[in-house]
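**Q** Sequence:
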Amino acid sequence: MTLTAKGQLTRQRIIEGTAAHLRSQDPGSMTLDDVRAVTRTSKGQLFHYFPGGKEELLLAVARLEAGRVLDDQQPYLGSLDSWAAWERWRDAVIARYRAQGTQCPLGSLMNQIGSVPGAAEVSATLLRQWQEQVRRGIAAMQANGKIRARVDAERTAGAFIAGIQGGVTVLRTTGKVDHLEAILDVLISYLRDGR
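Numbering (my numbering), first residue to last: 61 to 255.
Mixed in with the good hints, there may be bad ones.
Claimed, not checked - Straight-line Cα separation of at most 20 angstroms, SDA-like style, residue types lysine to any residue; simulated pairs:
| hint | residue 1 | residue 2 |
| --- | --- | --- |
| 1 | K114 | A179 |
| 2 | K206 | R188 |
| 3 | K103 | H81 |
| 4 | K114 | S175 |
| 5 | K114 | V98 |
| 6 | K66 | T91 |
| 7 | K206 | W143 |
| 8 | K114 | A180 |
| 9 | K114 | R96 |
| 10 | K66 | L106 |
| 11 | K103 | R71 |
| 12 | K66 | G104 |
| 13 | K103 | S142 |
| 14 | K206 | R252 |
| 15 | K206 | Y250 |
| 16 | K236 | A155 |
| 17 | K206 | S142 |
| 18 | K206 | K114 |
| 19 | K236 | W143 |
| 20 | K236 | C164 |
| 21 | K206 | L247 |
| 22 | K114 | D94 |
Hint data in this document are derived by calculation from the structure and do not stem from the laboratory.
Make a model of the complete structure from these sequences and hints.
**A** Spelled out as structure tokens, the structure:
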């Protein structure tokens, strides 16, 4: 569907309004009437921009939230070229998830739309992009001689992403960021050792 500039703005307003609403409650309890009320949108407009209904809208919101995961870590994630930058990135990750608490907008959305075509790709794309940025940071530090050359940048970046996701899962259960802090500290220490 080709949209005018005004149409693109309306569609984006619906997505962002829905995302804000979902951050305050469980996606499973949201109805399209809720979306209409929050976004001041008619039923016709909703189905014009999201002909697939609620699932299509939630998939668009999931893409927005996935982008926010990476955006919240910038500019640090994009410039992991010093130990100070790694520490600032670590702090940004922890701050993001501490503020989020036990509610994970993206996780809740993905649980809701897990079987919708395209949902798995949203998560896979996020994880791939995130891992690639961490890998680039490791490679940049290796090029500067700050991380030993024998460290496998791809595998270690994968460990960071898996560790963060594990820490977030524990956070959602316990309400504490301790495990997330621990895995980031252990992995950064691993990178620092044996330069």
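**Q** Please go over all the hints and tell whether each is borne out by the structure.
**A** Here is what the structure says about each hint:
Proposed proximity of K114 and A179 is supported: the alpha carbons are some 13 angstroms apart, at most 20 angstroms. This hinted pair does not check out: K206 and R188 have alpha carbons roughly 24 angstroms apart, beyond 20 angstroms. Straight-line distance between C-alpha atoms of K103 and H81 comes to about 17 angstroms, which keeps the hinted pair within the 20 angstroms bound. Among the hinted pairs, K114 with S175 is consistent with the structure: their alpha-carbon atoms are about 13 angstroms apart, no more than 20 angstroms.
Restraint check for K114 and V98: the C-alpha separation of about 14 angstroms stays at or below 20 angstroms, so the hint holds. Proposed proximity of K66 and T91 is contradicted: the alpha carbons are some 25 angstroms apart, above 20 angstroms. In summary, the hint linking K206 to W143 is supported, as the alpha carbons are separated by about 9 angstroms, within the 20 angstroms threshold. About 17 angstroms separates the Cα atoms of K114 and A180, which keeps this hinted pair within 20 angstroms; it holds.
For a cut-off of 20 angstroms, the pair hint linking K114 to R96 stands: about 11 angstroms separates their Cα positions. Of the supplied pair hints, the one linking K66 and L106 holds, its CA atoms being roughly 15 angstroms apart against a limit of 20 angstroms. The hinted pair formed by K103 and R71 meets the criterion: a straight-line CA distance of about 13 angstroms does not exceed 20 angstroms. Taking the CA atoms of K66 and G104, the gap is about 16 angstroms. The hint holds against a cut of 20 angstroms.
Proximity of K103 to S142 is assessed by CA-CA distance (about 51 angstroms); at most 20 angstroms being required, the pair is judged violated. Restraint check: the Cα-Cα separation between K206 and R252 comes to about 7 angstroms, which is no more than 20 angstroms; the hinted pair holds. Between the alpha carbons of K206 and Y250 the distance comes to roughly 12 angstroms, so the proposed pair stays at or under 20 angstroms and holds. A C-alpha spacing of about 12 angstroms is found between K236 and A155, which places the hinted pair at or below 20 angstroms, so the restraint holds.
Among the hinted pairs, K206 with S142 is consistent with the structure: their alpha-carbon atoms are about 8 angstroms apart, no more than 20 angstroms. Distance check on the hinted pair: K206 and K114 sit about 49 angstroms apart at the alpha-carbon level, beyond 20 angstroms; violated. Restraint check for K236 and W143: the C-alpha separation of about 25 angstroms exceeds 20 angstroms, so the hint is violated. At roughly 13 angstroms between alpha-carbon atoms, K236 and C164 fall within 20 angstroms of each other, so this suggested pair holds.
At roughly 15 angstroms between alpha-carbon atoms, K206 and L247 fall within 20 angstroms of each other, so this suggested pair holds. Among the hinted pairs, K114 with D94 is consistent with the structure: their alpha-carbon atoms are about 11 angstroms apart, no more than 20 angstroms.
Of the numbered hints listed earlier, those contradicted by the structure are 2, 6, 13, 18, 19.
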